[in-house]
Structure formats: structure tokens, C-alpha cells
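Residues per chain, in single letters:
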Amino acid sequence: EAEVAQSPRYKITEKSQAVAFWCDPISGHATLYWYRQILGQGPELLVQFQDESVVDDSQLPKDRFSAERLKGVDSTLKIQPAELGDSAMYLCASMGMGNSPLHFGNGTRLTVT
Amino acid sequence: SQQGEEDPQALSIQEGENATMNCSYKTSINNLQWYRQNSGRGLVHLILIRSNEREKHSGRLRVTLDTSKKSSSLLITASRAADTASYFCATDLGGADGLTFGKGTHLIIQP
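If you're matching them up, the sequences are chains A and B in order.
Residues 1 to 113 (the numbering used here) make up the first sequence, in order.
Residues 1001 to 1111 (the numbering used here) make up the second sequence, in order.
Please keep in mind that the hints were generated in silico from the structure rather than gathered at the bench.
Note that CB positions come from ideal geometry on N, CA and C, so glycine has one too.
It is possible that part of the hints are untrue.
In silico contact screen, one side only, chain A against chain B (beta carbon under 7 Å); selected entries [unchecked claim]:
{"id": "1", "residue": "A5"}
{"id": "2", "residue": "S7"}
{"id": "3", "residue": "L110"}
Distance windows between CB atoms, simulated [said to hold, decoys possible]:
{"id": "4", "chain 1": "A", "residue 1": "K71", "chain 2": "B", "residue 2": "A1078", "range": "20 to 30 Å"}
{"id": "5", "chain 1": "B", "residue 1": "S1028", "chain 2": "A", "residue 2": "L84", "range": "30 to 40 Å"}
{"id": "6", "chain 1": "A", "residue 1": "A18", "chain 2": "B", "residue 2": "S1068", "range": "25 to 35 Å"}
{"id": "7", "chain 1": "A", "residue 1": "Q50", "chain 2": "B", "residue 2": "A1081", "range": "32 to 42 Å"}
{"id": "8", "chain 1": "A", "residue 1": "A18", "chain 2": "B", "residue 2": "S1028", "range": "18 to 28 Å"}
{"id": "9", "chain 1": "A", "residue 1": "T111", "chain 2": "B", "residue 2": "P1111", "range": "42 to 52 Å"}
{"id": "10", "chain 1": "A", "residue 1": "I12", "chain 2": "B", "residue 2": "R1041", "range": "38 to 48 Å"}
{"id": "11", "chain 1": "B", "residue 1": "T1077", "chain 2": "A", "residue 2": "G98", "range": "26 to 36 Å"}
{"id": "12", "chain 1": "B", "residue 1": "R1050", "chain 2": "A", "residue 2": "W22", "range": "44 to 54 Å"}
{"id": "13", "chain 1": "A", "residue 1": "G28", "chain 2": "B", "residue 2": "E1017", "range": "34 to 44 Å"}
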């Protein structure tokens, strides 16, 4: 079964440094999401793409976070500068046509020291 | 903000027993979905129930939806050690919005 690929799997960075995460959705999935999940909590939506366009980034802290999906396929989420409170799991998900379920990658576990 | 809220936050039962988790939400929905997350992994979709459906089954899973009470329940029958995971409900309001997840129920199945 096709999977959503994410890398790196783990990332440790010092505060004030820049960090980037990569996601490759299931082939043909036009909708892509980035979620942030703090330990013990549910995922919270950061940004939603439809093809290469941002549909919803209302919860993205735009002073330090940016996301792009230039060719409407893979996507990159960047944090600059990282803060201690950014320590979390960053999950990417993609969705096929209509209101179908989300397919999640295994996430990037970020630790900011 | 989180639309759905699961109850209980944690549940520990013996293998073979049934596990029931509840989800309450605040606004009208298009559908409600349940996901499972094993420790350190991504979420896996379990079942989707539409707003005009009241009950749905998939293997050992049974989901109910009561739109008048804005609540849903997930029943796992004959639990197994491999069912140990966190379970999340997620609401779809329709339109272009993404899913909104609850805080989850952490289920532990004791052998």
C-alpha cells in the first residue's frame, strides 16, 4: 500500500536555529496537510494545500513558520528560528478525492534544546 | 482549538474485554472519523461515519453517532494486546477545512 513519506524521522536542533521537514504524499493526492502534535495531545492543523496553493494557514505562526509545495507534489515545512516550544511531532497527511480519509506519514519528531 | 473531546483520557483493560471510548463535539459535522496511533507513529484511519448514519461496523470495531447529542462512541470488541494505542476522533465540518482532532484516549490492553 502506498505511504506518505516524511524525513527526517528525528531532528534535534538548538533554539534559534533553522530546521526543515520534508513530506512526499501518496501519488495523485492533491490535498496535503501539515499537523503539529504535542506529546499527549491530538494533532493540530498548521497548513493545508490543494495542489500547490495554500487553502488554510490560519494556525501557522507565520513569523517563524513557512510551508511550500512548489510543484503540487512534495512539500517542505520550515521553522526559523526554532524555539523551545516548537518541540513536537510534525505530521504530514494527504487525501485523495472527496471526503476520503487522511493518510498520515510517521512524522518528524523535533526536539529543540 | 480542538472540536472533539474523547473520554476517558486513558483506559486500561484485560485482553479479551471490550473497550469503549466516547467523543463529544461542538458544532454540526459532515462526518466523524476515528484514527489509531501507535506510539511514535503516524495516525491510521479506522472508520468514517457520515452525519446521516447512526452505526457502522468494521471487523471488531463498532462506531455509533448521535448527532442530537453531538457524540460518538467507538467500541472495540474482544481486545488484543496489539490494540494498545491512542485513539482519536476527528470531525469533518465539510467544505475545504481539514479534520479537527480531539486529544485522544490512550488504551492499554493488559495480557
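Here's how the hints hold up against the structure:
The beta carbon of A:A5 is not positioned within 7 Å of any beta carbon in chain B (closest approach about 11 Å), and the interface hint is therefore violated. With 7 Å as the threshold, the beta carbon of A:S7 stays out of range of chain B, its nearest partner Cβ sitting at about 13 Å, so the hint is violated. The criterion of a C-beta within 7 Å of any C-beta in chain B is not met by A:L110, whose closest approach is roughly 13 Å, and the hint is violated. For A:K71 paired with B:A1078, a C-beta distance near 47 Å fails the hint of 20 to 30 Å.
For the hinted restraint 30 to 40 Å between B:S1028 and A:L84, the CB-CB distance of approximately 38 Å keeps it satisfied. In this structure the supplied range 25 to 35 Å is violated for A:A18 paired with B:S1068, their Cβ-Cβ distance being about 49 Å. In this structure the supplied range 32 to 42 Å holds for A:Q50 paired with B:A1081, their Cβ-Cβ distance being about 40 Å. Take A:A18 and B:S1028: their Cβ atoms lie about 41 Å apart, and the range 18 to 28 Å is violated.
A hinted range of 42 to 52 Å is violated for the C-beta pair A:T111 and B:P1111, which are about 32 Å apart. Range check, A:I12 to B:R1041: about 19 Å between beta-carbon atoms, so the 38 to 48 Å window is missed. A hinted range of 26 to 36 Å for the beta carbons of B:T1077 and A:G98 is consistent with their spacing of about 30 Å. B:R1050 and A:W22 have their C-beta atoms about 34 Å apart, which leaves the hinted 44 to 54 Å range violated.
Between A:G28 and B:E1017 the Cβ separation comes to about 41 Å, which falls inside the hinted range of 34 to 44 Å.
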